[in-house]
Amino acid sequence: MKFNNRNVWIDPSAKMGTGVRIGDNSVIYANVEIGDGTVIANDCVIGEPSGDYYENPDYKQELTRIGHNGLIRSHSIIYAGCVIGDQFQTGHRVCVRERTKIGHDCRIGTVCDLQNDVSIGNNTWLHSGNFVAQGTNLRDFVIVYPHCVFLDDKYPPSEKLHAASVGDYAQIGARSIIMPGVSIDQHVLVASGSTVVRDADKYDFVRGAPARRVSDVRKITLPNGEGAYPWPHRFDRGMPWSEIGYDQWLNQQEP
Amino acid sequence: MKFNNRNVWIDPSAKMGTGVRIGDNSVIYANVEIGDGTVIANDCVIGEPSGDYYENPDYKQELTRIGHNGLIRSHSIIYAGCVIGDQFQTGHRVCVRERTKIGHDCRIGTVCDLQNDVSIGNNTWLHSGNFVAQGTNLRDFVIVYPHCVFLDDKYPPSEKLHAASVGDYAQIGARSIIMPGVSIDQHVLVASGSTVVRDADKYDFVRGAPARRVSDVRKITLPNGEGAYPWPHRFDRGMPWSEIGYDQWLNQQEP
Amino acid sequence: MKFNNRNVWIDPSAKMGTGVRIGDNSVIYANVEIGDGTVIANDCVIGEPSGDYYENPDYKQELTRIGHNGLIRSHSIIYAGCVIGDQFQTGHRVCVRERTKIGHDCRIGTVCDLQNDVSIGNNTWLHSGNFVAQGTNLRDFVIVYPHCVFLDDKYPPSEKLHAASVGDYAQIGARSIIMPGVSIDQHVLVASGSTVVRDADKYDFVRGAPARRVSDVRKITLPNGEGAYPWPHRFDRGMPWSEIGYDQWLNQQEP
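Residue numbers (our numbering), protein chains in the order written: chain A, 5 to 259; chain B, 5 to 259; chain C, 5 to 259.
Mixed in with the good hints there might be a few duds.
Copies of the same chain look alike in the list, so a pair counts if it fits in one copy or across any two.
[Stated by the list, open to error] Lysine to aspartate or glutamate pairs mimicking EDC-like chemistry, simulated, CA-CA at most 20 Å apart:
{"hint": "1", "residue 1": "223", "residue 2": "205"}
{"hint": "2", "residue 1": "19", "residue 2": "66"}
{"hint": "3", "residue 1": "158", "residue 2": "220"}
{"hint": "4", "residue 1": "105", "residue 2": "121"}
{"hint": "5", "residue 1": "206", "residue 2": "251"}
{"hint": "6", "residue 1": "158", "residue 2": "230"}
{"hint": "7", "residue 1": "64", "residue 2": "102"}
{"hint": "8", "residue 1": "19", "residue 2": "62"}
{"hint": "9", "residue 1": "164", "residue 2": "230"}
{"hint": "10", "residue 1": "164", "residue 2": "240"}
{"hint": "11", "residue 1": "206", "residue 2": "144"}
{"hint": "12", "residue 1": "19", "residue 2": "40"}
Simulated from the structure, these hints should not be mistaken for laboratory data.
Assemble the whole structure, with the sequences as input and the hints as a guide.
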């Protein structure tokens with residue numbers, strides 16, 4: 005249904021891997037590389053030029069690279085200069101600004117708005133409607149639930165930006181605000197609707213506006229009495245330990 | 005202006021009612037039925053396939069049905085398997101995921117993001133920018149103001165989802181969070197910016213984060229001293245009682 | 005890349021200034037005027053008709069005017085009846101409803117949703133994802149950070165709307181809610197995540213939900229000990245005082 009080569013425009017300089025499919029009404033601009041088997045659905049823009057393109061006759065389009073076996077859903081916009089790993093998946097209407105770097109096996113939900121120079125590790129998922137400020141750093145296996153906002157300006161407006169960072173396995177509850185410069189450590193759980201104004205330590209469960217430490221995530225139990233966190237012991241859909249279990253997978257990793 | 009049959013694509017299997025208009029750049033995929041007089045504006049996608057379409061060579065497109073006299077504004081995406089009643093109206097850039105069921109006379113505002121298997125009754129309106137999680141149930145005459153979030157996961161991430169539900173005539177104030185599994189009863193008023201973490205009983209007025217019961221909605225008065233709630237007594241624009249008044253209309257309904 | 009005249013549709017009645025560029029897949033509807041040097045990027049809709057267009061055979065398209073040297077990024081929708089000044093810039097997927105008036109040198113970020121009859125002064129910037137209710141009035145040099153919501157209905161649902169207003173130089177922190185009818189005076193700073201339920205006086209720094217006055221903005225200091233507010237003394241990127249300083253620029257203004 006989506007791949008009729010209707011109103012598709014691919015710049016001659018774009019390098020398309022084997023089995024790449026481009027949906028109707030999509031455009032691939034100059035200096036874009038797309039890995040084998042990746043699907044760009046309809047009405048997408050890959051290699052969107054930065055503002056300089058409109059003003060500078062000497063504008064030079066940076067390399068945009070998307071890895072293998074990705075699926076970019078319709079109406080998404082990926083700016084030039086983005087480098088994105090394999091198995092990348094998006095919802096609809098995602099916008100990723102220039103020079104953002106994203107690892108492998110990441111997912112970005114519908115209407116997410118990632119600013120420029122964001123860096124995201126591997127296996128990190130963002131649900132719908134998140135805003136991620138310039139320079140924010142999300143590490144591996146982070147999950148950001150819907151409608152969070154990551155900020156970068158302590159004294160708005162200013163030119164000096166302080167991006168936030170989030171460690172491996174942290175979970176950022178829906179509709180949370182992460183204030184500029186805040187560092188959230190590994191395995192932290194941020195409750196929905198929190199405003200995180202100071203750093204959170206490893207395993208902290210924080211909640212509120214401003215968010216305060218409520219307990220240690222390892223004390224949170226499921227209705228059946230088992231420990232809920234760290235979550236990798238009980239959740240493996242789409243995770244690299246889905247066939248062998250988290251402990252065995254962890255033992256196999258490089259130290 | 006919008007209906008020039010320019011870059012329109014309609015699958016041969018789609019069944020189009022009398023007087024249906026399809027805007028430029030819109031696509032109607034397979035197995036879609038659109039009722040008489042419905043307008044699909046420009047740049048829409050009706051019958052968007054689920055993720056299975058990209059992976060499964062035996063993908064089967066579910067029936068998508070939109071009733072009579074609807075108006076779907078531009079850039080909206082309605083997934084396959086949705087069944088939607090008559091007089092349906094949307095803003096722009098709405099996304100409704102697979103198998104969501106919506107009754108008659110409903111309105112979904114700009115940039116709303118409804119997940120799969122949501123069920124919505126009749127005459128329910130969602131303003132702009134709402135996120136509605138999988139399985140959420142909104143009954144009749146509910147109004148959800150802008151930028152609310154309905155959640156479904158108590159111990160994120162997990163596979164066991166607990167959807168929220170909202171009863172007839174309830175009003176959900178802007179920028180509210182409805183936590184997983186919460187049940188909001190008929191005629192409840194949720195103040196703007198609330199986080200609703202526990203069930204709200206019929207006629208409760210709740211406010212805050214976490215939301216607490218402030219009073220009974222029937223005690224809220226307008227500046228002129230009249231009671232403000234239940235609101236159907238004083239508001240009838242677009243409602244079925246607009247010509248006869250709420251009390252008379254209510255008497256006419258089936259018991 | 006963007007300007008190949010591919011699938012572009014311009015109504016014959018539209019008046020296009022010198023050097024105007026229209027991106028691929030964009031449409032310019034009837035009775036639109038676009039000033040010299042303005043760029044409309046790809047997939048935009050300028051002169052979007054109001055709901056009346058779908059129902060009324062005598063629908064008359066109001067004049068839509070966009071000034072000189074603007075840049076409207078892709079997938080934006082500007083309704084008929086909007087009058088917008090020079091050097092207007094938008095992000096992607098902006099929607100501006102009918103009859104909204106915007107001065108010169110304004111910027112509206114990605115996915116902002118401005119309702120009808122909003123009025124915005126000069127040099128006012130809205131970051132990403134803001135919702136601005138019908139009739140809201142934002143004056144000059146206001147900056148609204150991401151994901152704020154401006155409301156207009158004190159007793160939802162009702163027909164009597166109370167729009168909010170924001171004075172010159174005020175800064176509205178990210179994810180804030182401005183309640184209906186609230187008046188925010190000049191130079192006010194609203195902290196991120198606030199819910200502003202009552203008027204804020206000149207130079208107030210307000211924070212919280214509900215927001216309370218914390219101090220006078222003139223007492224907020226930067227890490228180097230200098231005063232942070234009023235901000236025009238320390239920030240000039242894109243501002244008319246960028247070459248001469250704020251004090252000298254202020255002296256040159258009409259009293």
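These are the hints, each one checked on the structure:
no.: 1; hint: 223 with 205; result: within (15 Å within a copy, 31 Å between copies)
no.: 2; hint: 19 with 66; result: within (14 Å within a copy, 35 Å between copies)
no.: 3; hint: 158 with 220; result: between (28 Å within a copy, 17 Å between copies)
no.: 4; hint: 105 with 121; result: within (7 Å within a copy, 34 Å between copies)
no.: 5; hint: 206 with 251; result: within (19 Å within a copy, 48 Å between copies)
no.: 6; hint: 158 with 230; result: between (40 Å within a copy, 14 Å between copies)
no.: 7; hint: 64 with 102; result: within (13 Å within a copy, 38 Å between copies)
no.: 8; hint: 19 with 62; result: neither (23 Å within a copy, 30 Å between copies)
no.: 9; hint: 164 with 230; result: between (45 Å within a copy, 15 Å between copies)
no.: 10; hint: 164 with 240; result: between (40 Å within a copy, 13 Å between copies)
no.: 11; hint: 206 with 144; result: within (14 Å within a copy, 44 Å between copies)
no.: 12; hint: 19 with 40; result: within (10 Å within a copy, 37 Å between copies)
The structure fails to meet hint 8 from the earlier list, while all remaining hints are met.
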